[in-house]
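Residue numbers (UniProt numbering), protein chains in the order written: chain Y, 1 to 393; chain V, 1 to 393.
Since the hints were derived computationally from the structure, they do not count as laboratory data.
C-beta: ideal position from N, C-alpha, C; glycine also.
There could be a bad hint or two in this list.
Footprint (simulated), chain Y over chain V, 3 or more residues, beta carbon under 8 angstroms [to be verified]:
id	segment
1	64-71
2	213-227
3	319-328
There are 2 protein chains.
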Amino acid sequence: MTTVYPVKRRQFLIGSAGLAGAAVTGLPAIAQEGGKLPAYVAWKDAGDMIVHTDETLETMRAAQGDALVTPSSDLYIRNNLPAPSEEIVADRDAWEVSIEGVAEPGSMTLGELKLLGSETVVAVLQCSGNGRAFFDHEASGSQWATGAAGNVIWTGVPVRAVAEALGGVAADMVFLTGTGGEEIPEGLPPESIQVERSVPVEAMEQAILAWDMNGEPVPLAHGGPLRLIVPGYYGVNNVKYLKRLAFTAEESPAAIQQTGYRVRPVGVSGDPSQPSMYEMSVKSWITGPLEDAETGEVRIEGLAMGGTSAVTGVEVSTDGGESWQEAQFLGPDMGPYAWRPFVLVADLDAGTHTLASRATNGNGDTQPETFEPNERGYGHNGWRGHAVDVTVG
Amino acid sequence: MTTVYPVKRRQFLIGSAGLAGAAVTGLPAIAQEGGKLPAYVAWKDAGDMIVHTDETLETMRAAQGDALVTPSSDLYIRNNLPAPSEEIVADRDAWEVSIEGVAEPGSMTLGELKLLGSETVVAVLQCSGNGRAFFDHEASGSQWATGAAGNVIWTGVPVRAVAEALGGVAADMVFLTGTGGEEIPEGLPPESIQVERSVPVEAMEQAILAWDMNGEPVPLAHGGPLRLIVPGYYGVNNVKYLKRLAFTAEESPAAIQQTGYRVRPVGVSGDPSQPSMYEMSVKSWITGPLEDAETGEVRIEGLAMGGTSAVTGVEVSTDGGESWQEAQFLGPDMGPYAWRPFVLVADLDAGTHTLASRATNGNGDTQPETFEPNERGYGHNGWRGHAVDVTVG
């Protein structure tokens, strides 16, 4: 199991790959800001990334800025297992996916899937542990601040179109289960590390099997040739290198489903009775300024997302939450699963100002001030934890 | 003046830098597909680009695909003069712009401009000569096919907010004139090569001074630290490295305004009485398949833009225009100046099929079948010229 290190609010490595990941990959022990990128993501913008480990790379908060779409070169990486060989993207259209739990189960190639329908959706991709650094307890895993999240354009075939083409979902299937194409190291029981996740079957309404990301074939590092995208759901449910899509009566037996990604009190082990990391919550954070600014008018920028319901507004405070002002969204509304950049120009006196943001979504949910600790440090959306102290003068 | 070379429908160099450009830069003579990128754009995706010259790089048609937003690494380059030194983006917020033709003219830094207001707009950037390769006459300039165009996210301050902050536009000013920060080689009269363009002052309604492109600071190669963006207008009007923004009573005296980018009959010289390349037209093109496909269902994809009025629909023909079917738009509508990807799955028999697309915009304008030749090969939006012959079987 992962080790807990006594380091907080720093961007140093803390375990990270979850389960047996660290043992499998022999991860380096120290994170680097703007550090050396692993070879499989050498094409990323090193100056914008924090390299926690070879399998966990975070976008720098300042680099997130007010980007409507996160450039692929800046998008975070979080792998539960090392990425498969580049060979699997040599002939993308030949990639095969097994489709099960439908009236006529079978195997389809990516080339065949492309003929069943196409949809482009803009959706936030966010790790369950994004914001872990803002908890006060020592939750194991990468100490993500805000950068294990990005707003991404996905193109693929709707899962509902795939089900329809194969005669519809079989009776009594209440989960949509995706299985990743990672190689399972010999000697380990597959359930112990297999990346296989089940989400409620209702999520098929918005789910797609994506072959393009930000206008290009999905890079291997992000799950190409084919990734299951469940808009509104945490990153782990968006299974990479999808080799099997199954409508199932039960949740996956994999540890990552049964005991991993379960929300429970600090000190408690994961078990299937606890809530799984499914739907994301309303959330926002300021991306600039983060440290200092000149006295007078200051342009405050940030990002706001609604989770599974569109974000409808975001307020900014420059006095640690004593008072709030409505910020302005920038750019077009790209649908309920996308984030919206925001900006507010505020007049700031000399001194230290605590800048915070607080978003609201279409369900009427607003970010809470604080967020209860949980064992693994999942889902933090408290506005106070995400606030920044800025020195003005 | 530029020389006309007797080469058509090939991606070889044909003049290209316009005016005295070739003489100034000593451009290489042969274009390369997936060739070596010049150092200042070494960060582009070489596999997706056609290198016409150091100052003219085109996105490959197949790489355009059905991208909602063109990745910066794939966006075309067309410079009238070589880019200035990297030094001008070392301290972006210190970049100064002279603002003239307002009640209180003066100079503002980029840092100051950022406090006047922010807007994010998605707009097609397209070279006036995009589609030049589809004319039958020998128009001088780079033989762009479809790849001198991209759909780009721009963030900046609205020009109208800048004018308002400086007391409003002075009386009798009917043009908005932008001057680029390129270095003018010694010994040449500035008017002969200065990049300075005037557009009708009404365009200030949608124009912005942009500091971010696709979520990152505008790269030097694309006009950073600050570029004038006039949504709906051809690329040349989107002045790079903007050092002066002036509301003027007359058009710029620069050759690029007076005689360049003028639409006139073949064989006629440019003069100010002819229409300037301002507003873009409704246009679309297929990006795949481009050469061959297997018999049966084929996924046809492409891109459609409305010009200054939003695109409202696009039809696809698989029989050279004998019959048409409505295609489906992909992804969110990102506003009137953005393009929309489209897709249609069609059943194709063995043989050669001529695939064409035909878009319509909110004004009711539809792409014509053919497009009258003009001396410089500007503005081609005829659907037949953009059609592709695909071998199915």
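Quick check: which numbered hints come out false for this structure? 3
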